Amino acid sequence: MKQEIIQRLTEIVGQDNVYTSLEDLYCYSYDASFVKSNKKDLAGIAVYPGNAEETAKILKLANEEKIPVIPRGAGTNVSGGTISVGDSIILVLKRMNKILELDRKNLIAVVEPGVVTGYLQSEVERLGLFYPPDPASLAVSTIGGNVAECAGGPRGVKYGVTRDYVLGLEVVLASGEVINTGGKTIKNVTGYDMTKLFTGSEGTLGVITKIILKLIPKPEAKNTMLAVFSELEQASEAVSEIIAKGVVPATLELLDNIYIRNIEEYAKVGLPTDAEAVLLIEVDGDRQILAKQIDKIEEICKQSGAIQIRIAQTPAEAEELWRARRSAFPAVSRVRPTIIGEDVTVPRSNIPAMVKQIRAIAAKYKVIIAVLGHAGDGNLHATILTDETDREEWSRVEKAIDELFIAAVKLDGTLSGEHGIGRVKSKFITLQTGEAGLEIQRRIKQVLDPNNILNPGVMFGK
Amino acid sequence: MIDEKVINEFSQIVGARGLLNENLDLFTYSYDASFLPLLPAAKPDLVLKPQSTQEVAAIMKLAHKYRIPVVARGLGTGRTGGSVPAEGGLVLCLDEMNQILELDDQNLMLTVEPGVKTQDIYQFCAERGLFYPPDPSSLKQSTIGGNIAENAGGPRAVKYGVTGDYVMGLEVVLADGSVLQTGGKMIKNVTGYDLTRLFVGSEGTLGIITRAILRLIPMPKIRRTAQALFDSLDGACAAVSRSIKSGAIPAAAELMDQISIEAVAKFRNIELDPRVKAGVIFEFDGDSEAGLDAQIGEAERLCAECGSVQFRIAKTKEEEDELWSLRRGMSSAIAALAANRIAEDISVPRAALPEIVKRLREIAARYGLQLAVFGHAGDGNLHPSLLADLNAPGEKEKVEQAVGEIFQAALAVGGTLSGEHGIGLTKKDYLADALGETGMAAIRSIKKALDPAGILNPGKIF
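As they're listed, the protein sequences go chains A and B. Heads up: the first sequence at position 192 corresponds to 192 in this note's numbering, and the numbers run straight through without jumps. Heads up: the second sequence at position 44 corresponds to 1044 in this note's numbering, and the numbers run straight through without jumps.
What the hints contain is simulated information worked out from the structure, not anything from laboratory work. Hints may be right or wrong, so weigh each one.
[Claimed, not checked] DEER-style ranges, computed between Cβ atoms:
1. K1221/B - P337/A: 51 to 59 Å
2. E1102/B - D87/A: 50 to 58 Å
3. E64/A - E1437/B: 14 to 22 Å
4. S1332/B - K292/A: 38 to 46 Å
5. E1298/B - K399/A: 52 to 60 Å
6. T1316/B - A221/A: 28 to 36 Å
7. K292/A - T1028/B: 26 to 34 Å
8. N51/A - S1246/B: 43 to 51 Å
9. E1305/B - P315/A: 28 to 36 Å
10. K364/A - A1016/B: 53 to 61 Å
11. A291/A - Q1310/B: 31 to 39 Å
12. E388/A - S1246/B: 46 to 54 Å
13. K66/A - L1390/B: 49 to 57 Å
14. E1102/B - D164/A: 47 to 55 Å
Everything numeric in this text was worked out from a predicted model, so none of it was measured. Positions of the beta carbon are idealized from the N, C-alpha and C atoms, including for glycine.
All chains, please: the whole structure from these sequences, using the hints.
Here's what the structure looks like:
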């Protein structure tokens, strides 16, 4: 990067908040996905602005000089949405990490983008309130990243995803102008819904510098149960039936046989290793209603053919059941050195068909694909266990991933339920949107970022 | 005026059946349910009633070719002039595309054409134990397409959200006649920008909605209604806020001020306790008697703490209807108090309700106008009604100025111009106050990206 630009950026954020050494820049060449920037694509500089004003100045400069800007939080995203693209500015928002306001009267939080999701949740819960979205990375991920990717999580089935809690945003546009969208009102139809447009736009339309979030009262109590099935279809039928009966659990996690076997080997939680599916179910709400819900779910699971049902009687037992789910990734990551988590999503009723397709694809390309998913909302995490250094196997894995996406779209599903398109899936986007759909998205991108400086290559490819 | 030759081309698309161009017919499409005076310029040149997406697409292609303004219309129940053809051209009336196309009871999704009446959707679902919650007051006449285009709300929004929260996917005919599909039956979907939510609430300015996929939920098994009367409006507002925060979230919480209650009492010859200054109609719903009892008990306790002078729980269906009739009769009872009723639709943070009502009363007093306030207290969406005789000298100007000040007051307390009615023609002069110049430029650029020729509902929003 030109010395003059580095100088001007340093003037904006101060000497302590710019990073230009090779070691530093290398850190921004990857995120939690399996893609990495080439060595030649290392960024020119990483800057850490302290507020919206500095962010605006940085973008104004970048726009004038036509330098790509990659907004980044904690880099936990799994679609390659935050990695460097050559002589670019990595705009790290982690210094902007203050909870600005917890408004207990309106049940609203106003936060900066760098606040860690898990920290926000614990602060909110201390007041008896609740911010439900729970992406797996919440202990590390930032709320700005969650909004930019529209992150989901297990609780999506009952509580929805990040989008459902974002009421308003402050966004710095590519030009450096600052726009405020939405506000503290629950209902708002004043102009187009720009809040929803920026949510999930993966850093390609603007840089989020402030977020107004809706909170809800914290559920009084929760309980956990586990149901084991010998057939996957039975588990899937139980899921549909539970929701149709109006007993919507907070989470409905599905584990397949590969996961079950590995979890049992690794954590010894007492799962029958020949079972084809396990449902881990958490219900929450008023204490007096919980017992009834559990009874009803137990009945439905039995009718659907569950061979084993365990209901936690104490918090310690609930913890034990959750240990099975939490040890899922460590358990399967022992199998092979590389683990790739895809997140194709289908309508709930197509889960058995999708799992069948995943198995057929795994067999065809001789790769191991384990399935874990948020069954209540049809969001499946097809987990590919492989070795990225084995070139021959890797080429088979790539073909298998291509086919996974095609299969999902054919089953009325989508490429991504909660991870985003990023750089990893951009070449597949028209499968979903069609040419007309992509053209509209391109036009929106073009009017909001005419010089294409914001996260170029993400979503739309090169 | 549209050329005779062009009219012929349109008639080839929809046939003689679907084309209206008699003067009297045209006149009936020149107004809607807003309080706009009849505008001579707003008489359309032509009304077309397409019966399929293909017909809509063909019409748009022609309109685009000849640069004819196109105004989409359902049944004309809009409150802000959204379906009034302000610049003439053609009205695209979608009331003949009125089929419920598919109920997917596995995934709880309903696919509908835009001309289906909201009430018919509710009824169709209710008969099958399913629930489509959004309930704009006009639901007996309004169409789902109009609800989506305006992002209509209703009393149940406090617990269940608004129309947009139930729209999972859309088929939209764009300005140039191309057909776009957005979203789908997956609950989680982050593939590309959220175009579904961009079209929701876009008031016919970005595309013509020809099909929608709606999310349904199981119908709550029990509903119960209660009426609380208070000795102060602040007390009524506080009771609603505290009830929500306690987790006893009502399915509806309708606030009525003294003038509104008195109007209904007078209209129906009901004797009123002189201490009554405000009232709230609560509806609670759920799946168990015990759970509902607990919620209502909590609400009653909180109401008492906030100065309720009466709390009545409906014991029978008749009592329930009687309590609700107070609210349902409100608009007409208030309208009977004066020659004209100018009803607005502001939305503020819930905690600002007492403050905004105070400000509204000051404004009304300053202009010597009578003011009734009722609305959806649970979500901060108020419908202040100014009572006036617009034919009296000077009265129209006074009302216009007062309305302007009402919007300013809403913005000053952190609120917005419209909670559920849209911007249309009636509020567009105030939009820049709410969005700022940068915000206006941003939505204008979106409009330009999707409708470069500016033929879709010209003169609205901007």
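Against the structure, the hints:
no. : hint                         : result
1   : K1221/B - P337/A: 51 to 59 Å : holds, 52 Å
2   : E1102/B - D87/A: 50 to 58 Å  : holds, 52 Å
3   : E64/A - E1437/B: 14 to 22 Å  : holds, 20 Å
4   : S1332/B - K292/A: 38 to 46 Å : holds, 42 Å
5   : E1298/B - K399/A: 52 to 60 Å : holds, 58 Å
6   : T1316/B - A221/A: 28 to 36 Å : holds, 33 Å
7   : K292/A - T1028/B: 26 to 34 Å : violated, 54 Å
8   : N51/A - S1246/B: 43 to 51 Å  : violated, 37 Å
9   : E1305/B - P315/A: 28 to 36 Å : holds, 33 Å
10  : K364/A - A1016/B: 53 to 61 Å : holds, 57 Å
11  : A291/A - Q1310/B: 31 to 39 Å : holds, 35 Å
12  : E388/A - S1246/B: 46 to 54 Å : holds, 52 Å
13  : K66/A - L1390/B: 49 to 57 Å  : holds, 56 Å
14  : E1102/B - D164/A: 47 to 55 Å : violated, 25 Å
Comparing the model with each earlier hint shows violations of hints 7, 8, 14; every other hint is respected.
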